[in-house]
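Student: If you're matching them up, the sequences are chains A and B in order.
Heads up: the first sequence at position 114 corresponds to 114 in this note's numbering, and the numbers run straight through without jumps.
Add 222 to a position in the second sequence, counting from 1, and you land on the number used in this note's numbering.
Keep in mind that a hint or two might mislead.
What the hints assert, rightly or not - No farther apart than 20 Å at their CA atoms in a straight line, the calculated lysine-lysine pairs in the PhoX-like style are these:
hint, chain 1, residue 1, chain 2, residue 2
1, A, Lys54, B, Lys451
2, A, Lys196, B, Lys384
3, B, Lys403, B, Lys524
4, B, Lys397, B, Lys384
5, B, Lys284, B, Lys403
6, B, Lys316, B, Lys397
Calculated directly from the structure, the hints in this document are not laboratory data.
As a plain string of letters, each chain reads:
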Amino acid sequence: METKPLSVANSDGSKALWVLLGLLAAFAGLAAAFVLDLWGHSAPAAVIPPVDLKFLDTDTVRRSYADLVRAKEDLTDFDCYGCHERGKPPVLAFDANHNLVVPEVHSDVVMGHGRHNRNNLCFNCHDENNLEVFQTRDGRELKFADSPQLCGSCHGPTLRDWEAGVHGRTSGYWNRSLGPIDRKLCVNCHNPHSPKFPGRPPAPGPHLLHPVETTAVDPTGH
Amino acid sequence: MPLPDPTVSPGGSAPSSGVTRRSFLRGTVALSGVAALAAALAPLRKLDDFTTVERFMQKYYKELTPEEMAAVLRRIANDVEHEYGIRPHVRDLKPMDGVEFVYALNLTRCIGCRKCVHACVNENNQSRNPEIQYIRVLRLPHGSLDIEKAEHNYAPESVPEKGYFYMPVQCQQCKNPPCVKVCPVHATWQETDGITVVDYDWCIGCRYCEAACPYWARRFNFAKPSLPKDRLNPDMAYLGNRPRRQGVMEKCHFCIQRTRAGRYPACLEVCPAGARKFGNILDPESEVAYILRTKRVFIQLKEEMGTSPRFFYYFDI
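Next comes chain B alone, as it looks inside the complex (with noise of 0.2 Å):
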């Protein structure tokens, strides 16, 4: 950076290289202050795929038109592939009609084996370290429901143990949540069939609803998620398990790719126990609606916050 030199006058005693002592100490300040701000900046390298361009340009969720969905659907699916080396099948999966899905877990038959948090995590393409994961199984002592007692890093030899049961806690997709309150930014509403759900693309990672929900159910990407690619899980959904990105907030939401596609969500199917249940309420039939209405119903989790959980806790015997 050229400075004027004001002690150097034309035709003057000046060195013949034109460079003075003085003239010379400040451009060598100057030069090392932008050293050292761009030393400063480094950190800012690591965040190269902080967004782009695309990405930022981006419209909210409920705005995009669906030529806008499929375009950003393809632009993930390309980041997908260039940072995975698989090309994954991305939908942007609506409500339907006439549904509203509930949740039903018997703590009766829960062994506290945790097989659902690890189905979980493969499904939902969670980070694996640092780690995330939805489901916490908490061990309660028998005869009381006070989650105060309970443990969620137990680690005997065999489960279940003499003495106590297990309650596993997720999203507990409250009628009333908490966390859709506080966003600042509307980056988490709730859908019409009940599922509370994060527009990853939206977040701007404050964690307002991290503090406001009582269930502790949301996670917060504190580091950039690092998922193995062989246990990359392809069939993924814009509102669900697509790749998450660092400072953005995750959480339960009912395996949205799988169950607006009919099925039942992953950590239903690996529970060897048979103690989660999971199905439509609105319709009579359903195995949710019959536990609903013949079972010892005992706890929505925290019933006294008002927040109205859809997922329901029962006994059977």
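So here's chain A without its partners, still in its complex pose (with noise of 0.2 Å):
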């Protein structure tokens, strides 16, 4: 296309040619800009560090008994014989507030069970006279391996639910046919003297590109 005008007079070669030299400079820039990638990469990619791990495991809050004697673990805390005296029922005391006072030894119990911690009396559960197994309300004697039935006895519909699977943990198979289902225990999540479930400190949230403040919701919805 433009050989006509190259090919007229010399000025028009000349002009002609400060084009192709224009011409040249800006696809000669445009290559190295290229090459460099001087747009649309200059964002750096935000650095997220894997998740931790704890983050991933499926273990329960607690182990049971029947964990621990599953796995062989050292059972003294349940070796109620090797320091109490058959025949002697403990004597229960409690200060001024009616608080139980825990005694010494068994300061890794913490007693927080019912409203206001009230069902603090030991033998509400623990059987005075066999401090091996438990005693229900109702006058039955009950193994530490069969605590969901303890528990049932006061908290019934919570003991329904768990029964058909729908209170607490599950793992394992949906499809009885294909594998076992794994069912967890009420005390794998309830520590049975304070059994409100415990908080934790929550996993990470989206990391975002441009991190916004997080603005605290009034919960009275004002």
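Hey, can you piece these two chains together into the complex? The hints should help.
Tutor: See the structure below:
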């Protein structure tokens, strides 16, 4: 297309030469810009550390007596008559506010069961005449391994849900013909002496490209 | 590139090299043009894993014969082994007869710890950077189910916080899925067990489904997914957790590689509070059937959209 003016006169030829030189510079500049990635990739990728493996484990909050037996672990804590004397029920002590005074040797037991911690009588669940078993309020005697029945003697609807597989942890197979289901006991998640489910630090939230301030929402909705 | 030079006539006064200024300049301009074009196409070099002939020629999922599917699974296993150094176990699991999956989530029990989010990422080989997560845990103030008041960037010392409850949101596996309707290439569809799946080899990345989903459940691979080799889950399914490529859509598929093999999803198994329940709604003995029969099943999220989710939220106090 540019051959026509080129062949006409010398002055037009030099003009065309400048145009071509300009084009050359523009092309060279573009090529350099493309090679050097001058635009489009300026933002550095955010650094996201891999999530802590503790957030991936499927372990329960606690281990039940049955777990300890299965793992053949130290059961001296459950050997009541290593210290207590048979046929001599332990005596409970209470302070002025009617709170149970937990003896020094049982200092790992933190009492907090029931509204206002009022379920604080050891022998509501433990059998004072045989510390190695539980007693229910309706007079049944239960082994440590059968603790859900003990909990269910007061928390009936929860036991019913648990038996239906609806309350508590499950893992394994939903299709029982393909594999077993793994159910957890009440005490795998709840400390029987202080059963409220404990709080825990949350796993990291989504990493944002542009962090925003988290605005606290007024819980009352005002 | 040789160019004809009109100014040089045979036997004329041209320099002995045979190159005039004009032809030299033309040649230079043409060369630099070619160089610029090559440089402009340079980003294509980064797409070395964009496609292979085998993948490009692959037929539609529903048209593959068992032999062809076996070849595709071998190809995927080879690709994964090539990239991650681990030989995966890739399967194409089909829906079971008489099974329709339903998820139920207990809002009374959820403590907002986000363990489900990360168990899901780990199970389903999502990209870690840029981050792709199928589950978002919303924090809502007590006394309201107004999603507008939800916050998902909460980061307190300890959860649960006083005055709030938590609502994890993921793909609701709708009975009437808007995402499936808008897909122009049928790369996403609803299976007979209720799971809406995506064929990552058929998706063209138009993101219509992302726009159509009222739950913000679909995630797009804007960049090449990055996945640490030591966190790769080698138990894979074609429609499930096999590694994705840049430019395709993905979403929760109820852990198809687990649930179609009879197992519970990963988010359920990791939940410390037992708030998540899953099962076959067509089996009256299943946990989810018990929940829908006896519990206060409070919401299907955005029920008014008419999507009819298979994901139910309930309370039990």
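Student: Against each hint, give a clear statement of whether it holds in the structure.
Tutor: How the hints compare with the structure:
{"no.": "1", "hint": "Lys54/A <-> Lys451/B", "verdict": "19 Å, holds"}
{"no.": "2", "hint": "Lys196/A <-> Lys384/B", "verdict": "14 Å, holds"}
{"no.": "3", "hint": "Lys403/B <-> Lys524/B", "verdict": "18 Å, holds"}
{"no.": "4", "hint": "Lys397/B <-> Lys384/B", "verdict": "35 Å, violated"}
{"no.": "5", "hint": "Lys284/B <-> Lys403/B", "verdict": "17 Å, holds"}
{"no.": "6", "hint": "Lys316/B <-> Lys397/B", "verdict": "19 Å, holds"}
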